[in-house]
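Please model the complete structure; the sequences and the hints are all you need to start from.
Protein chains in written order, with the numbering used here: chain A, 42 to 331; chain B, 42 to 331; chain C, 42 to 331; chain D, 42 to 331.
In short, the hints are calculated from the structure, not lab data.
No residue lacks a Cβ here, since even glycine has one placed at the ideal position from N, Cα and C.
Some hints could be false.
Said to hold, decoys possible - Derived pair list, reagent style DSSO-like, types lysine-lysine, alpha-carbon separation capped at 30 Å:
id: 1; chain 1: A; residue 1: Lys191; chain 2: C; residue 2: Lys193
id: 2; chain 1: A; residue 1: Lys131; chain 2: C; residue 2: Lys100
id: 3; chain 1: D; residue 1: Lys128; chain 2: B; residue 2: Lys100
id: 4; chain 1: C; residue 1: Lys193; chain 2: D; residue 2: Lys322
id: 5; chain 1: B; residue 1: Lys301; chain 2: B; residue 2: Lys323
id: 6; chain 1: A; residue 1: Lys276; chain 2: A; residue 2: Lys301
id: 7; chain 1: B; residue 1: Lys322; chain 2: D; residue 2: Lys191
id: 8; chain 1: C; residue 1: Lys100; chain 2: C; residue 2: Lys74
id: 9; chain 1: B; residue 1: Lys322; chain 2: A; residue 2: Lys43
id: 10; chain 1: A; residue 1: Lys322; chain 2: C; residue 2: Lys100
id: 11; chain 1: C; residue 1: Lys158; chain 2: C; residue 2: Lys113
id: 12; chain 1: C; residue 1: Lys193; chain 2: C; residue 2: Lys128
id: 13; chain 1: B; residue 1: Lys322; chain 2: B; residue 2: Lys276
id: 14; chain 1: B; residue 1: Lys158; chain 2: D; residue 2: Lys301
id: 15; chain 1: D; residue 1: Lys128; chain 2: B; residue 2: Lys103
To be verified - Pulled a few chain B residues facing chain D out of the computed Cβ check, cut under 7 Å:
id: 16; residue: Phe92
id: 17; residue: Tyr147
id: 18; residue: Gly152
id: 19; residue: Asp222
id: 20; residue: Leu314
id: 21; residue: Glu315
Number of protein chains: 4
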Amino acid sequence: MKYRGIITPMVTPFNSDGSIDYDGTKILIEYLKGIGVSGLFPCGSTGLFPFLSTEEREKFVKFVIENADGLKVLAGIGSSSTQEAIKLGKSAMEAGADALVLMPTYYITPGQPEIQKHFSEFLNNVDKETFIYNIPQLCGVRIEIDTIRKIKEQYSQIVGVKESSADMRYFSRLMEFSGNDFSILQGQDDLLVPSMSIGADGGVCGLSNFSSAVVNAYNEYSEGSRSKASEIQVKQVDPLLHTLLGTTFPSGYYHAFYSKFSLNQGGYRPPMLEPSEEHKKKISAALNPE
Amino acid sequence: MKYRGIITPMVTPFNSDGSIDYDGTKILIEYLKGIGVSGLFPCGSTGLFPFLSTEEREKFVKFVIENADGLKVLAGIGSSSTQEAIKLGKSAMEAGADALVLMPTYYITPGQPEIQKHFSEFLNNVDKETFIYNIPQLCGVRIEIDTIRKIKEQYSQIVGVKESSADMRYFSRLMEFSGNDFSILQGQDDLLVPSMSIGADGGVCGLSNFSSAVVNAYNEYSEGSRSKASEIQVKQVDPLLHTLLGTTFPSGYYHAFYSKFSLNQGGYRPPMLEPSEEHKKKISAALNPE
Amino acid sequence: MKYRGIITPMVTPFNSDGSIDYDGTKILIEYLKGIGVSGLFPCGSTGLFPFLSTEEREKFVKFVIENADGLKVLAGIGSSSTQEAIKLGKSAMEAGADALVLMPTYYITPGQPEIQKHFSEFLNNVDKETFIYNIPQLCGVRIEIDTIRKIKEQYSQIVGVKESSADMRYFSRLMEFSGNDFSILQGQDDLLVPSMSIGADGGVCGLSNFSSAVVNAYNEYSEGSRSKASEIQVKQVDPLLHTLLGTTFPSGYYHAFYSKFSLNQGGYRPPMLEPSEEHKKKISAALNPE
Amino acid sequence: MKYRGIITPMVTPFNSDGSIDYDGTKILIEYLKGIGVSGLFPCGSTGLFPFLSTEEREKFVKFVIENADGLKVLAGIGSSSTQEAIKLGKSAMEAGADALVLMPTYYITPGQPEIQKHFSEFLNNVDKETFIYNIPQLCGVRIEIDTIRKIKEQYSQIVGVKESSADMRYFSRLMEFSGNDFSILQGQDDLLVPSMSIGADGGVCGLSNFSSAVVNAYNEYSEGSRSKASEIQVKQVDPLLHTLLGTTFPSGYYHAFYSKFSLNQGGYRPPMLEPSEEHKKKISAALNPE
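This is the structure we're talking about:
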């Protein structure tokens with residue numbers, strides 16, 4: 042079984058007091074089913090997993106699985122600690138996740154051998170389909186191609202790579218691993234069509250939390266409408282992404298989500314801040330182009 | 042008139058004593074006509090222009106123009122000095138170049154206002170079709186999208202952008218300038234097909250100095266053979282580029298060129314060094330895959 | 042009261058099974074008293090705090106306080122989550138820490154306003170002397186001088202800055218905040234004497250876990266023996282540090298500590314790896330120069 | 042003979058039409074003698090050498106030598122081309138320079154072997170005392186410690202290193218080369234006293250073009266007035282430098298120089314721009330603190 046299409050790195054909806062908003066989460070999942078994403082990815086970077094306690098993460102992933110209604114669930118289980126990642130991985134597996142998504146430990150910057158150690162320690166303890174998650178701008182280190190090869194060869198649970206570095210040169214080199222049972226997913230919305238043009242299986246695209254544009258771009262390209270896909274990419278997806286990245290990540294995503302669904306009490310768990318009025322206007326304009 | 046297709050950033054062939062090899066240059070141009078490139082770009086980074094004296098550059102560009110035989114010639118006129126760029130631009134214009142290619146001044150890292158000043162000073166003195174050349178990894182500074190917009194709006198001579206940053210996010214944002222009389226060219230061989238997928242007009246591809254693969258990828262994609270283009274990109278172009286970048290740029294290109302055409306006396310002007318025996322073997326293997 | 046002298050960012054001794062070694066911790070504290078450090082800093086980066094659970098951190102800090110025997114204790118309470126930092130801060134305060142050391146949240150890279158929000162949220166909840174900890178190479182962001190100024194002006198609990206960026210230009214600019222009740226501490230061992238030459242109050246120096254050289258350099262400089270301090274810095278401290286940084290941080294520190302005190306069962310909690318035999322030899326040579 | 046003290050990386054005074062102002066140059070040299078610098082360094086980065094033609098550089102160096110009146114002259118002969126560096130080196134040698142200052146070739150980023158090749162090609166052709174100039178932020182590459190060691194061991198003409206990376210960790214490691222006939226000079230004004238505290242022989246300090254503060258800091262530290270040196274460094278030198286770096290380098294230096302000596306016609310050769318009125322006010326305030 043291969044993972045394809047658009048998978049949503051879900052925001053974690055908050056109430057105005059900073060607690061998790063489970064009703065908002067249901068609204069989000071309902072929306073995602075409607076626009077045709079193929080999977081849900083709770084507790085990724087967009088989901089602000091480092092702001093959540095272990096218990097909150099376990100509960101949120103379980104809730105998403107229970108409400109997924111046919112959508113695949115890829116559970117984010119990243120941590121600065123191998124031990125916590127194992128705990129989260131076991132919990133998500135027991136809750137019924139389809140796959141797990143694991144990045145290197147962060148803050149204490151690992152070398153490539155330490156990255157391998159992290160994955161082997163994890164996969165020796167958790168027997169579940171797992172994606173390798175490369176996001177050097179947040180982890181502080183890139184997973185080298187050779188490291189991916191070694192982990193992939195040693196552990197059959199590895200089913201793909203979620204690649205979010207925004208470095209297309211690096212992404213291109215991943216294509217050698219592409220195959221029927223191995224998925225290469227682009228984690229940057231603005232690189233979706235370029236990645237598909239060299240064989241990517243889909244994207245983990247944050248904009249899908251409130252916009253169907255990336256899903257449309259994926260579908261058009263898949264169905265052979267190359268120029269239509271290109272147009273959606275360049276004229277809709279890219280400007281929207283650019284606007285959202287104008288505020289500290291990921292606050293723009295939260296504002297866009299809250300305003301799309303009129304969740305007026307939508308909260309910003311500290312230290313995340315609500316975007317400025319100026320940014321909110323820009324986001325509003327980008328979401329609703331004339 | 043729009044610039045399309047594959048344009049070759051020509052190596053500057055050297056004799057073993059470090060002088061310019063004009064016979065080798067003829068052989069190169071002959072080859073490029075044969076494989077179907079659309080233009081010649083002498084005195085770019087691959088051509089090691091900073092190693093050449095002003096006089097050598099003027100003479101080399103003139104020679105290329107005289108031997109172009111129908112191919113367009115885009116003359117590289119980059120310099121750390123605005124004054125020298127103007128001198129080179131006038132000389133190339135008089136020699137009959139189709140267009141000029143100008144980057145920001147380098148070493149003394151300019152801010153965006155200084156980049157604008159450089160282009161306006163140049164364009165006020167040289168009335169000729171000109172490409173803006175973005176290559177921050179060598180110039181030390183990126184030309185911001187707004188700066189490009191300002192220069193483009195003020196000077197009608199600007200006919201396109203040669204973008205070599207390898208940053209697809211940045212490249213994507215250039216597509217807003219794309220039009221019938223404005224060309225966006227990808228300067229990194231491994232990003233050719235991804236760039237075409239969002240509307241790039243072609244590529245300035247160093248591998249074309251000794252390999253027709255990039256030309257084939259361009260042609261397949263242009264003719265709608267998307268998956269064939271993708272396959273050439275990923276299986277032929279990318280591994281070859283990766284191998285060549287394994288040595289200090291651009292020595293791998295020179296070795297590949299010399300060995301392709303059996304120019305056994307081919308030279309390496311100091312401080313460029315011949316690749317090691319180990320690298321030469323790897324390059325040979327990449328050029329002649331089984 | 043001002044914090045001066047050498048403060049030790051303590052390793053967290055591990056047993057061979059990866060659990061915390063409290064006997065080893067006692068040995069370490071005993072040693073530190075003997076060489077004359079002025080303070081203990083448990084749960085810093087050298088202490089691998091991101092590998093420890095919240096409970097382990099609370100217990101370890103408490104243990105260090107109980108065994109400090111007159112040494113000041115500055116408790117590391119950094120976290121990717123403001124909520125966890127508050128929890129750790131309250132716990133350390135109740136256990137009797139002299140001061141707390143707080144860095145920005147990490148992984149989700151904050152902007153300067155989010156850094157301010159993190160500190161204000163924390164200081165509104167925890168009324169205790171606190172150091173601002175700048176370590177951009179691990180946090181992904183530098184705390185700008187203006188941000189430090191704002192936090193310092195708003196909260197009287199702020200008593201100093203621990204600066205570990207290794208950027209002396211930035212460090213120099215902190216000196217404007219230096220005063221009788223505000224301490225500027227250098228977090229990089231090899232910059233100790235240069236920092237004292239412009240008025241730094243001391244250093245948070247990892248080498249003191251197993252070497253008295255940094256304490257000696259501090260004492261010599263303080264007492265006016267400038268050239269002796271310089272010699273210790275350049276001939277003893279710098280080569281030792283350089284050797285330790287030859288392996289993935291902080292494994293070299295752990296090996297040096299374990300071998301200094303013959304803790305043969307000393308462990309490496311995953312994903313930390315024991316240094317290679319080659320590196321262990323180099324570390325041994327650097328610790329015991331002929 | 043060893044190079045010590047403050048050496049001035051001279052601005053190249055321009056007339057309002059962009060030509061070199063030789064009268065202004067005389068005024069500058071007169072001033073430098075008066076404040077007690079030990080040497081002149083024409084055609085460095087502050088001197089905007091990449092904006093000058095080969096002929097202008099040769100003439101300007103000759104003029105400085107003829108007017109040095111006892112001050113040592115270290116001639117900047119950097120170039121993107123080894124051939125041009127050799128030409129400039131021979132010319133400066135014949136004109137009577139005391140020493141030459143050579144950096145790696147730039148733009149085409151060399152590896153360490155190419156850096157070695159550049160220096161050996163140069164030193165095989167020019168038999169003159171030469172400084173190695175490390176300035177990675179402009180050259181695009183750092184000269185590794187081992188490369189410096191190799192060049193120094195092979196060529197007795199190498200008499201020192203001018204180190205301008207602003208990386209004190211790297212600078213510290215150079216101190217192993219310090220000796221009676223080998224000078225280590227700090228190229229960043231704000232790192233002067235910290236560098237002297239570990240044994241640096243002096244500084245190549247751009248602020249000396251219009252301020253005696255760095256000379257005073259050097260003298261105080263040399264004479265044992267450590268705290269006075271520290272105070273000048275932190276309270277006078279650092280704020281002035283910080284202000285000047287607020288505009289695109291080195292335009293602030295040119296404005297400060299022109300206004301200090303009332304050279305109202307002082308020019309800004311393109312693409313250098315005059316600082317904004319706002320910046321000029323800040324510079325004025327920093328030069329004349331109340």
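> Under the criterion of a CB-CB separation shorter than 7 Å, is glycine 152 of chain B in contact with chain D as hinted?
Replying inline: Where the cut-off is 7 Å and the nearest Cβ of chain D is about 4 Å from glycine 152 of chain B, the hint holds.
>> Check whether the Cα positions of lysine 158 of chain C and lysine 113 of chain C lie no farther apart than 30 Å.
In response: holds (28 Å)
>> Run the distance test for lysine 301 of chain B versus lysine 323 of chain B: straight-line Cα separation, threshold 30 Å.
In response: holds (14 Å)
> Has the given pair, lysine 191 of chain A with lysine 193 of chain C, been kept, meaning a C-alpha gap of at most 30 Å?
Replying inline: It is violated: about 48 Å lies between the C-alpha atoms, which goes past 30 Å.
> Given the hint that lysine 322 of chain B pairs with lysine 43 of chain A, does the C-alpha gap stay at or below 30 Å?
Replying inline: violated (38 Å)
> Given the hinted pair lysine 100 of chain C and lysine 74 of chain C, is their alpha-carbon gap at most 30 Å?
Replying inline: holds (21 Å)
> Do the numbers back the hint for leucine 314 of chain B, that is, is its least Cβ distance to chain D under 7 Å?
Replying inline: holds (6 Å)
> Has the given pair, lysine 128 of chain D with lysine 100 of chain B, been kept, meaning a C-alpha gap of at most 30 Å?
Replying inline: Holds, at roughly 20 Å.
>> The hint names glutamate 315 of chain B as touching chain D; please verify it with the least Cβ-Cβ distance against 7 Å.
In response: violated (10 Å)
> Does the alpha-carbon distance linking lysine 322 of chain A and lysine 100 of chain C stay inside the 30 Å limit?
Replying inline: Not satisfied, since the Cα-Cα distance of roughly 48 Å exceeds 30 Å.
>> So if I understand the rule, the pair passes when the alpha-carbon distance is 30 Å or less; does lysine 158 of chain B with lysine 301 of chain D pass?
In response: Holds - the C-alpha atoms of lysine 301 of chain D and lysine 158 of chain B are around 26 Å apart, at most 30 Å.
>> Please check whether aspartate 222 of chain B passes as an interface residue: C-beta within 7 Å of a C-beta belonging to chain D.
In response: violated (27 Å)
Going through the hint list in order, the structure does not satisfy hints 1, 9, 10, 19, 21.
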